[in-house]
Amino acid sequence: MNLPVIVFFAFALFAVGGAVMLILAREPIHSALALILVMSALATLYLLLGAEFIAAVQMIVYAGAVMVLFVFVIMLLNMGLEERTDFSKLAKYAGVPLGFVLLLEIAHWLWRSPAGAVVANGPQPVTAFSTVELSKLLFRSYLFPFEATSILILIAILGALVLARKEE
Amino acid sequence: MIVPVSYYLVLSAILFGLGVVAFVFKRNVITVFMSIELMLNAVNLAFVAFARARNQLDGLIFVFFVVVVAAAEAAVGLAIIIVLARNRESLNVERVNSLKF
Numbered sequence: 001m002n003l004p005v006i007v008f009f010a011f012a013l014f015a016v017g018g019a020v021m022l023i024l025a026r027e028p029i030h031s032a033l034a035l036i037l038v039m040s041a042l043a044t045l046y047l048l049l050g051a052e053f054i055a056a057v058q059m060i061v062y063a064g065a066v067m068v069l070f071v072f073v074i075m076l077l078n079m080g081l082e083e084r085t086d087f088s089k090l091a092k093y094a095g096v097p098l099g100f101v102l103l104l105e106i107a108h109w110l111w112r113s114p115a116g117a118v119v120a121n122g123p124q125p126v127t128a129f130s131t132v133e134l135s136k137l138l139f140r141s142y143l144f145p146f147e148a149t150s151i152l153i154l155i156a157i158l159g160a161l162v163l164a165r166k167e168e
Numbered sequence: 169m170i171v172p173v174s175y176y177l178v179l180s181a182i183l184f185g186l187g188v189v190a191f192v193f194k195r196n197v198i199t200v201f202m203s204i205e206l207m208l209n210a211v212n213l214a215f216v217a218f219a220r221a222r223n224q225l226d227g228l229i230f231v232f233f234v235v236v237v238a239a240a241e242a243a244v245g246l247a248i249i250i251v252l253a254r255n256r257e258s259l260n261v262e263r264v265n266s267l268k269f
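Protein sequences appear in the order of chains G and H. In terms of our numbering, the numbers along the first sequence are unbroken and rise by one, the last being 168. In terms of our numbering, the numbers along the second sequence are unbroken and rise by one, the last being 269.
It is worth saying that the hints were derived from the structure and are not from the lab. These figures come from a predicted structure and were not determined experimentally. The beta-carbon is built from N, C-alpha and C at its ideal position, and this holds for glycine as well. Please note: incorrect hints may appear among the correct ones.
Quick look at which bits of chain H chain G covers, simulated, 3 or more residues with Cβ under 8 Å [claimed, not checked]:
1. 170-182
2. 211-220
3. 229-238
With the C-beta cut set under 8 Å, the calculated list includes, among others, these residues of chain G facing chain H [unchecked claim]:
4. 3
5. 5
6. 17
7. 21
8. 23
9. 59
10. 129
11. 132
12. 139
13. 151
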């Protein structure tokens with residue numbers, strides 16, 4: 001065991017633990033804090049993978065902006081404990097099996113696919129991804145999708161405003 | 169030795185599976201929304217891992233777009249949740265069944 005592998009397992013444990021806490025917590029605010037834990041752990045894993053820009057985006061946009069929005073709405077609505085209703089038997093009996101079937105399917109695919117095998121054994125360079133190269137790619141090859149996302153953001157802002165406005 | 173990329177993919181699959189389980193299990197609409205974010209995060213991890221495996225930057229661009237779409241989705245979704253809470257006085261997804269046939 002060397003240092004990167006130990007760091008990987010430590011933060012993978014944080015991520016999975018956070019995800020389990022998200023499921024088990026009854027207060028929505030605890031679920032939100034667990035999700036922030038998952039996102040922070042994933043940001044560290046991105047650093048380990050050499051994707052520094054994505055790690056920064058993960059922390060600023062996800063763990064920062066999006067989760068602040070969630071925490072803010074939880075505070076605003078203040079609905080307290082999650083109620084345990086048993087309206088839907090489907091969730092109880094289909095939920096966990098479906099989740100595990102999905103997991104098994106992904107594991108099977110990883111095991112069988114030639115891409116997975118190449119990925120598993122191929123040598124990986126240690127160098128970090130260059131942010132300069134990333135921005136060149138973003139503003140040249142992917143310029144049109146990039147501009148399209150600005151329209152998407154605009155529509156989202158307008159939609160949020162229209163929806164949340166109080167009717168007179 | 170460096171961490172094999174397959175480790176990241178397995179972690180991504182586990183996180184996605186937990187996200188699906190949370191999506192089906194949680195009854196609070198905000199928590200259901202958070203489990204969607206969890207699934208998006210798991211997919212992002214797979215994208216970065218594949219980008220590292222093939223040593224190409226395109227995967228990172230996709231992560232960037234996923235983050236943008238997730239932010240837009242969170243803004244609109246939470247606005248809908250606020251309206252829902254105002255009209256129904258409950259955040260339980262099973263009480264929001266007007267569209268159910």
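### Query
What are the numbers of the hints the structure violates, in ascending order?
Going through the list in order, the structure violates hints 4, 6, 7, 9, 11, 12, 13 and respects the others.
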